[in-house]
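Listed in order, the protein sequences are those of chains H and Z.
Heads up, the first sequence is in this note's numbering, so the first residue is 275 and it goes up one at a time.
Heads up, the second sequence is in this note's numbering, so the first residue is 3 and it goes up one at a time.
Treat the hints loosely; a few may be bogus.
What the hints assert, rightly or not - Selected chain Z positions facing chain H (Cβ under 8 Å, derived; list incomplete):
1. Met-8
2. Leu-43
3. Gln-85
4. Ser-88
Unchecked claim - Chain Z stretches covered by chain H per the calculated footprint, using a threshold of three residues with CB under 8 Å from any CB of chain H:
5. 30-39
6. 92-104
Claimed, not checked - Some chain H residues flagged as far from chain Z (calculated, every beta-carbon gap over 10 Å):
7. Thr-288
8. Glu-501
9. Arg-667
Quick caveat, the hints were computed from the structure, so don't treat them as lab data.
Yeah, the Cβ is synthetic: ideal placement off N, Cα and C, and Gly gets one too.
Letter by letter, the chains look like this.
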Amino acid sequence: MGTSAGSEADLRRTIDAVWRIEAPRLIAGLTRMVRDVGLAEDLAQDALVVALEKWPQSGVPDNPGAWLMATAKHRAIDLFRRGETLQAKQEQIARELELDLTDGASANPTADAAAAAQAGEDLLGLVFMCCHPVLSIEARVALTLRLLGGLTTDEIAHAFLTPRATLQQRIVRAKRTLAAAQVPFETPAGEELTERLPAVLGVIYLVFNEGYSATAGEHWTRPELCEDALRLGRMLAELMPRESEVHGLVALMELQASRLRARRGPGGAPVLLSDQDRSRWDLLLIGRGLRALDRAEELAPGGLGPYALQAAIAACHARARTPQDTDWERIVALYDGLAALTGSPVVELNRAVAVAMAFGPAAGLELVEQLADARELAGYHLLPSVRADLLARLGRREEAYAELTRAAGMTDNEQERVLLLERAAGLARREEP
Amino acid sequence: MRFMVMVKATQDSENGVMPSEELLAAMGRYNEELAKAGVMLAGEGLQPSSKGARVRFDGASRTVVDGPFAETKELVAGFWIFQCKSLEECIEWVKRCPNPMPGASDIEIRQVFEAEDFGEELTPELREQEERIRAQISGEGQ
Numbered sequence: 275m276g277t278s279a280g281s282e283a284d285l286r287r288t289i290d291a292v293w294r295i296e297a298p299r300l301i302a303g304l305t306r307m308v309r310d311v312g313l314a315e316d317l318a319q320d321a322l323v324v325a326l327e328k329w330p331q332s333g334v335p336d337n338p339g340a341w342l343m344a345t346a347k348h349r350a351i352d353l354f355r356r357g358e359t360l361q362a363k364q365e366q367i368a369r370e371l372e373l374d375l376t377d378g379a380s381a382n383p384t385a386d387a388a389a390a391a392q393a394g395e396d397l398l399g400l401v402f403m404c405c406h407p408v409l410s411i412e413a414r415v416a417l418t419l420r421l422l423g424g425l426t427t428d429e430i431a432h433a434f435l436t437p438r439a440t441l442q443q444r445i446v447r448a449k450r451t452l453a454a455a456q457v458p459f460e461t462p463a464g465e466e467l468t469e470r471l472p473a474v475l476g477v478i479y480l481v482f483n484e485g486y487s488a489t490a491g492e493h494w495t496r497p498e499l500c501e502d503a504l505r506l507g508r509m510l511a512e513l514m515p516r517e518s519e520v521h522g523l524v525a526l527m528e529l530q531a532s533r534l535r536a537r538r539g540p541g542g543a544p545v546l547l548s549d550q551d552r553s554r555w556d557l558l559l560i561g562r563g564l565r566a567l568d569r570a571e572e573l574a575p576g577g578l579g580p581y582a583l584q585a586a587i588a589a590c591h592a593r594a595r596t597p598q599d600t601d602w603e604r605i606v607a608l609y610d611g612l613a614a615l616t617g618s619p620v621v622e623l624n625r626a627v628a629v630a631m632a633f634g635p636a637a638g639l640e641l642v643e644q645l646a647d648a649r650e651l652a653g654y655h656l657l658p659s660v661r662a663d664l665l666a667r668l669g670r671r672e673e674a675y676a677e678l679t680r681a682a683g684m685t686d687n688e689q690e691r692v693l694l695l696e697r698a699a700g701l702a703r704r705e706e707p
Numbered sequence: 003m004r005f006m007v008m009v010k011a012t013q014d015s016e017n018g019v020m021p022s023e024e025l026l027a028a029m030g031r032y033n034e035e036l037a038k039a040g041v042m043l044a045g046e047g048l049q050p051s052s053k054g055a056r057v058r059f060d061g062a063s064r065t066v067v068d069g070p071f072a073e074t075k076e077l078v079a080g081f082w083i084f085q086c087k088s089l090e091e092c093i094e095w096v097k098r099c100p101n102p103m104p105g106a107s108d109i110e111i112r113q114v115f116e117a118e119d120f121g122e123e124l125t126p127e128l129r130e131q132e133e134r135i136r137a138q139i140s141g142e143g144q
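Isolated chain H, as found in the complex (with noise of 0.2 Å):
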């Protein structure tokens, strides 16, 4: 066998790579069982060290979740027995641990069925734990990926822009103000659920929007960050399989996943959905994502979520073999339901969009000057970049000028800026007999 064994750094990759498979599920089970999600984090940290001492001259165990599992429960048990926690009830939870030990040990079907639907709620507890309502944005962003995502926080630290200590801070506050307010650790349930389950999509696609159009930066996408949030929305999915927004969800990432490497032209330079080579889409992610979308359909027959709904218009582009195959009458429908779902003007002004493009341009810059005075979109650099589009394709060159030279000095993204000077360029150019 052609082993690689002897070499430390590659034993510590492997470790890394064990690490990232168990420690969702190990920080779940832990945080059941010593209700203190920071305690169960600590605890399967130090259960990495042992790990880290012992595995260089033992091997990796065969089964290395359960071993670093009964790890944890060990220095669990000898904390609580110590008094060292601040947990009430310690000696309570110390002999629950040890029973939860010996029963590990005898392993058959109906136990490890039993163990693996245990495991499940663990992780959705986690879930919701970390995209708890007390907690900033920023914080469930950063917790979720931590604890679910398996990412170190250097990792997070880098994909964010965040300097490390800004963001160790963040966590370190974030375990503290679910311990203060004693958040409980539990899957809600009807009414509870509709009402929490959209800031847990949130958190994910947040994280999926953060790679797929970096709002600063000279990276216009960190396909990464894209891969994290479609395996969180896809473990979602699998823990919670009646949701149907949580597959509207899951559809909407693996569809715009799908046109990640079309959108990236040479150079870096992004590429328009319009222009984009389609053979390069991704079809195995349009196949999953149209998969995702029926299933959405299938669980929602009083009609889809605001997610499902935007899947449902990225299908459409999905399903288009060329651009003037789009179904923009069907897109603009999808919109209308999208619009009165939410009520908001950046939906008003796709809306818009793709009215222009089913009717003609005059009716879609119509419906862009109703939102000029939009607060919400006040700043909003893709308003005037809209509006330039539109009244360039009426023949309407000057004032498309000046609305692309707004628009790019609206957006931190330089790439993008780039693309609108090159555009008012080309108007310009145009224009010269």
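Since chain H is already given, all that's left is putting chain Z on it; use the hints.
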């Protein structure tokens, strides 16, 4: 990054021996675990090579060779596409797979090329192709 994870064929799989109920159940659990972790993008089992064919290329000539094929160990009996952070993570997932065959068997892991892997070399061509398509489209529109 993506990996193609290939279960290599054995004499049994080539003979069309179906997996036991126990193995199917274990495989089902494994697939569920992969799906729950958001790792598996796709996966299929393949029929024996006796139901397949090969097309051999030599310059301009094309010769069709019907299965089965002799070199059993080089054949593929099934595959998954995994999305992982690293080769090490992919290996860890594969180690958790139940032995897919009754006896000894191999699972091979290969990294899938991403667009970036092609480097700058392909870019001018792609650009040219893109521009050709664009020219065609706008030509049709007029």
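Inset, instruction - Say whether it holds or is violated: H:Arg-667 keeps its Cβ farther than 10 Å from all Cβ of chain Z. - result: holds, 12 Å
Legend entry - Status of H:Glu-501, Cβ more than 10 Å from any chain Z Cβ: Given a closest Cβ separation of 6 Å, the condition is violated.
Inset, instruction - Would you check whether Z:Ser-88 satisfies its interface hint, that is, whether its CB is within less than 8 Å of any CB in chain H? - result: holds, 6 Å
Inset, instruction - Report holds or violated for the interface hint on Z:Gln-85, using the least CB-CB distance to chain H and a cut-off of 8 Å. - result: holds, 6 Å
Inset, instruction - Would you assess whether H:Thr-288, listed as outside the interface, keeps its beta-carbon beyond 10 Å of every beta-carbon in chain Z? - result: Answer for H:Thr-288: violated, closest chain Z Cβ roughly 5 Å.
Inset, instruction - Three residues minimum, CB to CB under 8 Å: does the region 92-104 of chain Z make the cut for coverage by chain H? Let me know. - result: holds (count 3)
Legend entry - Evaluation of the interface hint that places Z:Met-8 against chain H, nearest CB under 8 Å: Violated, about 16 Å.
Legend entry - Outcome, coverage of the region 30-39 of chain Z by chain H - at least 3 residues whose beta-carbon is closer than 8 Å to one in that chain: It holds: at least three residues are needed, and the region 30-39 of chain Z offers 6 whose Cβ sits within less than 8 Å of chain H.
Legend entry - Per-residue hint verdict: Z:Leu-43, partner chain H, C-beta under 8 Å: Given a least distance of 6 Å, the restraint on Z:Leu-43 holds.
In terms of the numbered hints stated before, the structure departs from hints 1, 7, 8, listed from lowest to highest.
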